[in-house]
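Make a model of the complete structure from these sequences and hints.
As a plain string of letters, each chain reads:
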Amino acid sequence: MGEVNPIEIELTVNGETRRCRVMPHRLLVEFLREDLGLTGTHVGCDTAQCGACTVLWNGRPVKACNTLAVEAAGAAITTIEGLAPSPKGIADEAAWHPMQRAFHEHHGLQCGFCTPGMIMAAIGIAERHGDALDEETVRAELEGNLCRCTGYQNIVDAVLAGARAMTPAAQRGDG
Amino acid sequence: MRPFTYSRPGDIAELRRLLATAGDDARLLAGGQTLIATMKQGLAAPEALISLAGIDELTGIRVEQEALVIGAMTPHADIVRSEEVRGRIPALTTLANEIGDPAVREKGTIGGSIANNDPAADWPAALLGLDAVVTTDRREWSASDFFTGMFETALAPGEVIVSVRFPVPRRGAYAKFPNPASRYAVVGVFVAEGADGTPRVAVTGAGPVVFRWAEAEARLADHGFRPDALDGLSHPENGLNDDIHASAGYRAHLIGVMTRRALTRLAAADEAAE
Ligand SMILES: Cc1cc2nc3c(=O)[nH]c(=O)nc-3n(C[C@H](O)[C@H](O)[C@H](O)COP(=O)(O)OP(=O)(O)OC[C@H]3O[C@@H](n4cnc5c(N)ncnc54)[C@H](O)[C@@H]3O)c2cc1C
Ligand code: FES
Ligand code: FES
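Chain order of the listed sequences is A and B. Just so we're aligned, residue 1 is where the first sequence starts under this note's numbering, counting upward by one. Just so we're aligned, residue 1001 is where the second sequence starts under this note's numbering, counting upward by one.
It cannot be assumed that every hint is accurate.
Unchecked claim - Computed list of lysine to any residue pairs in SDA-like fashion (alpha-carbon distance at most 20 Å, straight line):
1) Lys-1040(B) - Arg-1016(B)
2) Lys-1040(B) - Val-43(A)
3) Lys-1040(B) - Asn-1097(B)
4) Lys-1040(B) - Arg-1139(B)
5) Lys-1040(B) - Gly-1087(B)
6) Lys-1040(B) - Lys-88(A)
7) Lys-1040(B) - Glu-30(A)
8) Lys-1040(B) - His-25(A)
9) Lys-1040(B) - Asp-46(A)
10) Lys-88(A) - Gly-40(A)
11) Lys-1040(B) - Arg-164(A)
12) Lys-1040(B) - Glu-34(A)
13) Lys-1040(B) - Arg-1027(B)
14) Lys-1040(B) - Gly-44(A)
15) Lys-1040(B) - Pro-6(A)
16) Lys-1040(B) - Val-4(A)
17) Lys-1040(B) - Cys-45(A)
18) Lys-1040(B) - Ala-1156(B)
19) Lys-1040(B) - Gln-49(A)
20) Lys-1040(B) - Thr-47(A)
21) Lys-88(A) - Gly-37(A)
For the record, the hints were derived by calculation from the structure and aren't laboratory data.
Here you go:
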């Protein structure tokens, strides 16, 4: 086999341009967690079943355990850390994304392991359906995200509320 | 995962040059939704991956005469979002929207799915049901010649799928019984009335490879596209898959149920259009 060398890639992570050298077989989730220290993205199953590793790729949810980091060259990746960008981190409640706030208010988490992936998937659902979102659609589209704690009811409530809060009218304050 | 070299050509000519020098141990990488998992498990260990992500001409959906042409690298989710698809063959919108989950649909591609030819994959039913044509970098395959066996296709080593051309039928509908965990088809049936009125019934998930149910097609030709055209007809269970997900007998039963369900959807779509 020919010698395998790291490859230089440039991509945007949480709004910041990064230039990095990665091995071709580095998974996107390993790159985010181990190379960039963004450990908010979790690894549950490592087999594309549970959704704990879901990140946004050019605004759309993908499973980072099933994607190579080199493939992300040129893409914009958003992890849970990028949703509430504040020097104070997640402690800064005022900076929370509407979906994070909805999960907090509706008690959409217990242990929190699935939560970063759930929130990324939920943002995808809200973006796809906007005002037209209903409970049945939320349940169908959470197919790829497993939660072992909540029983889903509060997650579904949170996604519906978060999606409402993400509509342009709600963002302007007149919704 | 075993280390491998990686390249990302910018067009098909460059891809063909890379394939010519890479040798037998190179694999094409599309959405990676099947291939990466296979490599993680050690079931595949290619020495070189050639990514198709940089080749723009492989992505996109266009309308050509009486057909929809979908680029091999078009993700399932783009097909779901496409108004061209929804307007001409809404059954493809439904089918694409029921593959796996939203994140898998954003990365997984139609080309990767048919090249992989999983016996439980959804796209093969649509291709065979609609008599689609697979265009590669060197020739055209009719769907009936393309899917040759379990995880096997007519593709030669290094042959690249460029697009799939679906002729627009008069009507079409897909019904699947998904595996509750994976969403792959335990049985999926695509029923179509072709532009010339010919019935086609294509079944995925039930056997080693997608196939047509000739007896059901004959009934539809004689009695019209109605669920009761199949009264008294059932599919034999010999030759069907028999595994932890479902017995051959259960799959045979599901073929009948899913075919009738697809026919009911056809009728409902007609009423909605009136
Ligand atoms: C959790 C999960 C659930 C899923 N559920 C379903 C489901 O319900 N129904 C379903 O049908 N599928 C399902 N899939 C599979 C999914 O549809 C994948 O998209 C598909 O199997 C492979 O497409 P890909 O683009 O990811 O291809 P890859 O994994 O990148 O490639 C697959 C194979 O095709 C070859 N290949 C790719 N593109 C080309 C090309 N243009 N020309 C020649 N060869 C090519 C590759 O070399 C490789 O051998 C699921 C997958 C996952 C992970
Ligand atoms: S860790 Fe990626 S889907 Fe479970
Ligand atoms: S909150 Fe524990 S897994 Fe979902």
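Against the structure, the hints come out as follows:
For a cut-off of 20 Å, the pair hint linking Lys-1040(B) to Arg-1016(B) is broken: about 27 Å separates their Cα positions. Of the pairs offered as hints, the one joining Lys-1040(B) and Val-43(A) holds, with about 14 Å between alpha carbons and a cut-off of 20 Å not exceeded. Restraint check for Lys-1040(B) and Asn-1097(B): the C-alpha separation of about 27 Å exceeds 20 Å, so the hint is violated. Of the supplied pair hints, the one linking Lys-1040(B) and Arg-1139(B) is violated, its CA atoms being roughly 33 Å apart against a limit of 20 Å.
As the CA atoms of Lys-1040(B) and Gly-1087(B) are separated by approximately 39 Å, the hinted pair breaks the 20 Å bound. The straight-line distance between the Cα atoms of Lys-1040(B) and Lys-88(A) is roughly 37 Å, outside the 20 Å bound, and the hint therefore fails. Distance restraint check for Lys-1040(B) and Glu-30(A): the Cα-Cα separation of roughly 13 Å lies within the 20 Å cut-off, and the hinted pair is therefore satisfied. Taken as a hint, the Lys-1040(B) and His-25(A) pair is honoured in the structure, with Cα atoms around 10 Å apart against an allowance of 20 Å.
Distance check on the hinted pair: Lys-1040(B) and Asp-46(A) sit about 9 Å apart at the alpha-carbon level, within 20 Å; holds. A C-alpha spacing of about 15 Å is found between Lys-88(A) and Gly-40(A), which places the hinted pair at or below 20 Å, so the restraint holds. A hinted pair counts as satisfied when its Cα atoms are at most 20 Å apart, and Lys-1040(B) with Arg-164(A) does not qualify at roughly 39 Å. The suggested pairing of Lys-1040(B) with Glu-34(A) holds, with an alpha-carbon distance near 18 Å, which does not exceed 20 Å.
Only pairs whose Cα atoms come within 20 Å are accepted, and Lys-1040(B) paired with Arg-1027(B) is accepted, the gap being roughly 15 Å. At roughly 15 Å between alpha-carbon atoms, Lys-1040(B) and Gly-44(A) fall within 20 Å of each other, so this suggested pair holds. Only pairs whose Cα atoms come within 20 Å are accepted, and Lys-1040(B) paired with Pro-6(A) is accepted, the gap being roughly 19 Å. For the hint linking Lys-1040(B) to Val-4(A), the alpha-carbon distance of about 17 Å falls within 20 Å, and the restraint holds.
Among the hinted pairs, Lys-1040(B) with Cys-45(A) is consistent with the structure: their alpha-carbon atoms are about 12 Å apart, no more than 20 Å. For the given pair, Lys-1040(B) sits about 25 Å from Ala-1156(B) by alpha-carbon distance, which is inconsistent with the 20 Å threshold. A C-alpha spacing of about 14 Å is found between Lys-1040(B) and Gln-49(A), which places the hinted pair at or below 20 Å, so the restraint holds. The straight-line distance between the Cα atoms of Lys-1040(B) and Thr-47(A) is roughly 9 Å, inside the 20 Å bound, and the hint therefore holds.
Note on Lys-88(A) and Gly-37(A): the hinted pairing holds, with a Cα-Cα distance of about 17 Å set against a maximum of 20 Å.
Consistency note: the structure conflicts with the earlier hints numbered 1, 3, 4, 5, 6, 11, 18.
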